[in-house]
Amino acid sequence: MRVLGALLAVVVAVGVGLFAGLVPGHHAVPPEVDFDDAILAAAAQEPPGDRVQAAIDGVRETGFYVGPELRDELTDDEVATVERIIATAPVPVFVVWWADTADAGYNTTYAALDQLRVGVGEDGYYAVVTRGSYPLLGALGYRDPYVDADGKGRAGAALERLVDELAAVPPEREFEGGDTRSDYWGGTGGGIAAGLLFAAIGYLGLLAVVGLVGALSRSAREGRG
Amino acid sequence: MLLSGDVPYPDTIDALEQALRQDHVIVQETRASGDTSGAMARIGELVSRLPFAAYVAVIDAPPDVDAGIDSSRFLATALSRRIGEPGLYVVSASGSPTGVRVIGTGWDETLFSLQANTDSDAVEAASGSYLLTPTVDVEAVLQTALAAPPQSEGLDYEDVSLPDTVVDDLAERERDLQPYERPSRSDLDEPPEPWSTGKRWMVGVAVGAGLLAVLLQSLVGWPGWRRQRGDRTSDRPSTRARAAGSPAPPDIETLRAEAGTQLTALAETLPTAPAGDRHDRAALAREVAEPLLGSDDVLDVMGALVLARAGRRELAIARRRATAPYDVCFFDPRHATATQVAEWRFGDSAVEVPVCRACRKAVSSGREPETLKVRRHGRLQPYYEGDSVWAQTGFGSLAADLGDLASRVAAARGRSR
Numbered sequence: 001m002r003v004l005g006a007l008l009a010v011v012v013a014v015g016v017g018l019f020a021g022l023v024p025g026h027h028a029v030p031p032e033v034d035f036d037d038a039i040l041a042a043a044a045q046e047p048p049g050d051r052v053q054a055a056i057d058g059v060r061e062t063g064f065y066v067g068p069e070l071r072d073e074l075t076d077d078e079v080a081t082v083e084r085i086i087a088t089a090p091v092p093v094f095v096v097w098w099a100d101t102a103d104a105g106y107n108t109t110y111a112a113l114d115q116l117r118v119g120v121g122e123d124g125y126y127a128v129v130t131r132g133s134y135p136l137l138g139a140l141g142y143r144d145p146y147v148d149a150d151g152k153g154r155a156g157a158a159l160e161r162l163v164d165e166l167a168a169v170p171p172e173r174e175f176e177g178g179d180t181r182s183d184y185w186g187g188t189g190g191g192i193a194a195g196l197l198f199a200a201i202g203y204l205g206l207l208a209v210v211g212l213v214g215a216l217s218r219s220a221r222e223g224r225g
Numbered sequence: 001m002l003l004s005g006d007v008p009y010p011d012t013i014d015a016l017e018q019a020l021r022q023d024h025v026i027v028q029e030t031r032a033s034g035d036t037s038g039a040m041a042r043i044g045e046l047v048s049r050l051p052f053a054a055y056v057a058v059i060d061a062p063p064d065v066d067a068g069i070d071s072s073r074f075l076a077t078a079l080s081r082r083i084g085e086p087g088l089y090v091v092s093a094s095g096s097p098t099g100v101r102v103i104g105t106g107w108d109e110t111l112f113s114l115q116a117n118t119d120s121d122a123v124e125a126a127s128g129s130y131l132l133t134p135t136v137d138v139e140a141v142l143q144t145a146l147a148a149p150p151q152s153e154g155l156d157y158e159d160v161s162l163p164d165t166v167v168d169d170l171a172e173r174e175r176d177l178q179p180y181e182r183p184s185r186s187d188l189d190e191p192p193e194p195w196s197t198g199k200r201w202m203v204g205v206a207v208g209a210g211l212l213a214v215l216l217q218s219l220v221g222w223p224g225w226r227r228q229r230g231d232r233t234s235d236r237p238s239t240r241a242r243a244a245g246s247p248a249p250p251d252i253e254t255l256r257a258e259a260g261t262q263l264t265a266l267a268e269t270l271p272t273a274p275a276g277d278r279h280d281r282a283a284l285a286r287e288v289a290e291p292l293l294g295s296d297d298v299l300d301v302m303g304a305l306v307l308a309r310a311g312r313r314e315l316a317i318a319r320r321r322a323t324a325p326y327d328v329c330f331f332d333p334r335h336a337t338a339t340q341v342a343e344w345r346f347g348d349s350a351v352e353v354p355v356c357r358a359c360r361k362a363v364s365s366g367r368e369p370e371t372l373k374v375r376r377h378g379r380l381q382p383y384y385e386g387d388s389v390w391a392q393t394g395f396g397s398l399a400a401d402l403g404d405l406a407s408r409v410a411a412a413r414g415r416s417r
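So the sequences go chain by chain: D and Y. In terms of the UniProt record's numbering, the first sequence opens at residue 1 and continues consecutively. In terms of the UniProt record's numbering, the second sequence opens at residue 1 and continues consecutively.
Rather than coming from a laboratory, the hints here were simulated on the basis of the structure. Bear in mind that the values here come from a model prediction, so they are computed numbers and not experimental data. One or more hints might be untrue.
Computed Cβ-Cβ distance ranges for the label pairs, DEER-style [as the list claims (entries may be wrong)]:
id	chain 1	residue 1	chain 2	residue 2	range
1	Y	Asp297	D	Leu216	55 to 61 Å
2	Y	Ala148	D	Glu78	49 to 55 Å
3	Y	Asp66	D	Val33	45 to 51 Å
4	D	Leu70	Y	Asp70	23 to 29 Å
5	Y	Asp66	D	Leu70	18 to 24 Å
6	Y	Glu45	D	Thr88	45 to 51 Å
Note that CB positions come from ideal geometry on N, CA and C, so glycine has one too.
Only chain Y is shown next, with the shape it has when bound in the complex:
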C-alpha cells in the first residue's frame, strides 16, 4: 500500500477515486485535528491488518457532492461502485457522520454498521466526548472490523466488541485531539472592580431620591387609596364632625341629650309659631322624633336630632328668621350644611348627593369623606350601606323636604312595629 506524504485535495469524486486507487488512505489536514501524519500512520497500520482491502478518506467533501448530512455515506457508496474492488470503504466527510460500506467480503453490512456504532458509543463514553473527532471515529470503525464483528443475527451487536485496552487507547487519543478553544471573557474570572465615584453617586442618589419620593408620597397619600381615618387633622376645613371631636361612632347618650334639648326647644317654639305648612311639618317632625329619642339604635337618635333641628329651622323660616331649610350633608348629618353636590357611586349607579364643602373637596380629590359610621356585624360601616330608613333618606338629604322625611320615617316605624 502506498501512503503519500503529499496528501491530495481532490476537487471532484473522479479525482477522489483516482487518489484512493493510488493511496488507500487519505487524511486531509483540514480534518485531522492537528495530527495529520499521526492519523495517517495509525489508520494505515490498521488498514494493513485487515483481511481485505480498505479505502479510507477523511476529507472535506468535494464541491460536486451535494448530499448534506449523508455526504459521507454517499461518497462511500459512490467510491465502492467506481473502484469496484471488494473491501471496506470508510469515508468521513466534513459536516456528516462517518459513512461505511462493506462490499463483497461476505460480511453482513448492517450488522457491521450496528456493531461499529456500539463501539464508537463506548469510546465516546470513555472519553467524555459527545462526538468523536473524525480520525478517532474512523479508527474505531477499523478496530471494529479487526475485532471480527458478528456476522449473523444470533450474535448480539449491542455488546462492545473492542477490548478495553483499545477503547481506553482511543478515548485517550480523543481527549488529546480536542481542539484548542479561545477562552471567553467570562472564563477569565476577572475580580470585581471596587465601586467608582460615579457608581457611588448613582447608587446613593437612586436610593436616597427614591426613598424620599416614597416617603413624601406616603405623607400626602397615594393616588387611588383613601387615607386612614384620623391621620389628617390639621389641613381639613372646620366641620361639625371635627367639632364633635372624633370620627368614631357617635356616643348615643350624648346624641340623646342633644336631641332631647333640640326637641324641647322645638316643642316650646311650636305653640307660638305662625300656622301653615311649615308649622305642620315641624309638628310632624316633633311627633315622629319623640319616640325615636328612646331608641337603642344610634341612627334613630341621630334621626331624632335631625328632625328636631329641621323642625326648628322650619319654624324659623315661618317667622322669617331664616331663609333656607335645614339641609344635612349626606355623609354625616353632623357636618356643616349641605351647600354642594357630589357624585357618589351606589353599586353600578352614580347619583348626586348634597354634601358639605369639606366632603365635596374630599370626593373631588379621590379621598373618602369622613362618613357617619356605625358598628354592624362587628365592624364599622357607613350608615348608608345599611337598609335603615336613614340610609334610604340620607337623614333627609335624599328626601324632598322635612314632611317627606318625617312621613317616610313614620311609615318605616309603623312597619317595624
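Excised from the complex, chain D in its bound form:
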C-alpha cells in the first residue's frame, strides 16, 4: 500500500513538474534591446542645451573642451599637452572638463555624456570630467574604455594622466550583431541544480514550520489537559 502511494506520488510529481516546466513562458522571441543604443536614441530626440552644444563644438575641434567656468584653471601649456596626446591617440578621444551642475539642461552627467556622444557622432572614446572625481567614460563604435586615472590631484596633471591612459586603451571594436543574451540559469545542468536547491529550501522550510506548529498545538493541548 505504501509502495503504491509512493509510486503514485512520483507519477503526480513528475506530471506536475513537466507541466510547470513546459507549458508556461512560450511567446515570440523579442529582439534584444541594447541599452546603449536605446539611450543614444533617446538622447537624439532631445536637442542639447547651449552648454552641451558648446562642448560638442569644442571637442570636434581639438578633442578637448573646457567649460567657461574653468577657463582660467589650466595653463596654455597644459591645454596644449592634453590636445597633443589626444591628437596622436590611435582611437579618437573626446574629453570635456567642466564643473558639475544639474541646472544646465541635463539632470546628470550621464545624460550630458549621452548628448555629447550623439552630438559628436564619431567613433571613439568619450570622457566627461569634473574636478577631483573619477571621469565618466563612454564610447561609440568601441567597447567602453577603463582607466585607473581617478581625477585626483592638480587639474592639469590629472587630465594629462587621463588622456594618456585613454590613448593607451587597446582599441576593441564594439560587438555587433547576434544575440548576446545568455541563459541566466546556466542551461540544463544549472537549471536542475537550481530547481533542486529551491525545492530543498522550500521543503525544509515547510518541514520546520509544520513541525513547529504541531509541537505548539500539542503543547497547548497538553496544557489544557
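We have chain D already, so just place chain Y on it with the hints.
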C-alpha cells in the same frame, strides 16, 4: 545697461560685486538650463522696465560663500551693502532658493517677498513643476516687481498679482527648460523573454521535486503531528487491539460477553486453586468484577474483563502454570502484555507508564499510541483523561497489584452508591 556676451565667473564676493557693477545681469551657463543667452535677454529686458535699478545674478556661489541653503539670501544682502545703490537685488545661487532684497525704494520688502512667493507658486502650479528652474524663478520675481506688488498690509499678498498671460508664458518656458534625463532600464519597456532551457528545468525540477517531497512526507507523516487513526495498518506490530479489529470505542455487549466468559472461568477455577494470597486476590477480583458486568459504562465492563483475567492469572501463578502477573498496557487493556515503560505527560508532569511494545514504539517516534477511547460530551477522548477509577488506576497498570486494583475499584463503587 551693459549686457556682456562673455559671462564672468567670479571666484569671490568682491569679484562678483565688480562684475555686477559692470553688468547688472549675470546668468552663468551652469545655471541657465541650456539657454544662457535667452535667459540673459529676457531678464535684461525685464530689468530695463523696472522703475529702479536691479542687480540679478544666477550663478554658482563663489567658493568663499559658506551659507548653505541661505547662500542666495546672504549674497543678495552682501551685494546690496557693497554696491550700496537703491534697487532690487535678486540672487539665485546653486543649492539654495532665490534670495531677494529691496533696498531704498520705498517698497515693503517683506510684503514684496510674500507676493513673489505667491506668484512663483502660481507658475509652479501652472507648469506642473515642483521647483522652478533658476532663470524662470528669477523672471517670476522680476515680473512680480513689474506688477506693482502690495505696499501696505491692507492689500492681500495671497492673491496672484501676475496676469494670466504672464503666468502661462512662464509656465510654458518652465516646461521647455526641463533638463534632459537619461531613460532608465525600466523606462525602456523591454518585452519579457521566453523561458530559457535552464529556466524550464529550474521551474520543472523545483515544482516536481518539491511536490514529491511533500507527498512522500505526507505518506510517512509529518514530524510533530500524530497520524490520524486508522491510516496506518500494515506496518504496525500485531496487538490485541488490532485483533479486536477497530480503534473505535469497544462494543459494550461484546466486552460484556467476553468478561462474562472470563468471570465464569475464574469462578470455576477458584474452588480448586491453592489457598493463599493469590487465591484471596483472585477471589476479591471476582467479587468486585461481578457487579461491574451489568454496568452501562463500557469502562466498567472493560474493568470487569481485566479483573477476571488478572484473577485467572493469579490462580495460574498459584498453580505454577504462569510466572508473571497480568500486566495491562496503560493505553488500552486489550493490547499485548505491558513489557515496556514509556514516558507520558499528564499536564505539566511526566510519568513512566507500563506499555506494550507497540505503544512504546509509537511514543518513541512521537506518534500517539492507539488508545482506548470513550465518547464523552459528544466526542472521543482517551479513557485516562476522565476521572473514573479506571483512569486513576490505568486498569491496574498504575496499581501496585491486583489486590490494590480491586480494593480501589471497590472503594470507588462504594462511594458512587
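Comparing the hints with the structure gives:
1. The beta-carbon spacing between Asp297 (chain Y) and Leu216 (chain D), approximately 35 Å, falls outside the hinted interval of 55 to 61 Å.
2. Checked against the given bound of 49 to 55 Å, the beta carbons of Ala148 (chain Y) and Glu78 (chain D), roughly 53 Å apart, stay inside it.
3. Between Asp66 (chain Y) and Val33 (chain D), the C-beta spacing of about 47 Å keeps the proposed range 45 to 51 Å intact.
4. Distance hint for Leu70 (chain D) and Asp70 (chain Y): a CB-CB separation of about 26 Å, consistent with the stated range 23 to 29 Å.
5. Against the hinted window of 18 to 24 Å, the Cβ-Cβ separation of Asp66 (chain Y) and Leu70 (chain D) comes to about 21 Å, which satisfies the hint.
6. For the pair Glu45 (chain Y) and Thr88 (chain D), the supplied restraint of 45 to 51 Å holds, since their beta-carbon distance comes to about 48 Å.
Hint 1 from the earlier list is the only one contradicted by this structure; the remaining hints agree with it.
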